[in-house]
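**Q** Letter by letter, the chains look like this.
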Amino acid sequence: EPEVTQTPSHQVTQMGQEVILRCVPISNHLYFYWYRQILGQKVEFLVSFYNNEISEKSEIFDDQFSVERPDGSNFTLKIRSTKLEDSAMYFCASSEAGNRGLGNTIYFGEGSWLTVV
Amino acid sequence: GQNIDQPTEMTATEGAIVQINCTYQTSGFNGLFWYQQHAGEAPTFLSYNVLDGLEEKGRFSSFLSRSKGYSYLLLKELQMKDSASYLCAVGRGSYIPTFGRGTSLIVHP
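Sequences listed follow chains A and B, in order. Position 46 of the first sequence, counted from 1, bears residue number 46 in our numbering, the numbering being contiguous throughout. Position 105 of the second sequence, counted from 1, bears residue number 1105 in our numbering, the numbering being contiguous throughout.
Please keep in mind that the hints were generated in silico from the structure rather than gathered at the bench. Since this is a predicted model, take the numbers as computed values, not measurements. Every clue listed holds true.
Straight-line C-alpha distance at most 30 Å; calculated DSSO-like pairs for lysine-lysine:
1. Lys78/A <-> Lys42/A
2. Lys1081/B <-> Lys42/A
3. Lys1081/B <-> Lys1057/B
4. Lys42/A <-> Lys1076/B
5. Lys42/A <-> Lys1068/B
6. Lys1068/B <-> Lys57/A
7. Lys42/A <-> Lys1057/B
8. Lys42/A <-> Lys83/A
In silico negatives: residues of chain A with every beta carbon more than 12 Å from chain B:
9. Gln11
10. Lys78
11. Leu84
For every residue, glycine included, the Cβ atom is placed at its ideal position computed from N, Cα and C.
Working from the sequences, and respecting the hints, build out all of it.
**A** This is the structure:
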């Protein structure tokens, strides 16, 4: 069964360092997403990406965050200067469609656990 | 704005039936999703409702009433492996699911 894959599964970084989280969405999916989940809290939307550009972003996705699709398979989330409060599980997700019905069901990767120290 | 409300925790007995409720207030409603999330794992898709009524899928069923801003997830013949968080998520105007805090279900023997 096709799945979203993410690397690394766990990363520890020092405050102020840049981090890149990588994702390979399901191959025939067109919409890509990043969500995050701080320990014990709810899953929060960060950004959606379609046709090589951001289609929507939340207020969490400020200037220190960026996304990129550097080639035909990878989708990355960069955090430029990490803060302690960025410690969370970051989930990449993809959907076949983004505009209507069951086609916009989002399938999640296993997550990248980021610890900022 | 958006508000999604679910009970924080529920307990049930193996073999029983449990109903997890979700109420929501949102502008531009475009469907309601239920996801299951085991501790430390990714959410996995369970169901999607966009029209009023009941959708049945094996042991799990999901119900939606758009006029009442209400949904429930019904789990039958509970198994120990059903112990997990159940996340209600509402598709907004842009169809992107926004998640509630989830209901932690504990199934005991």
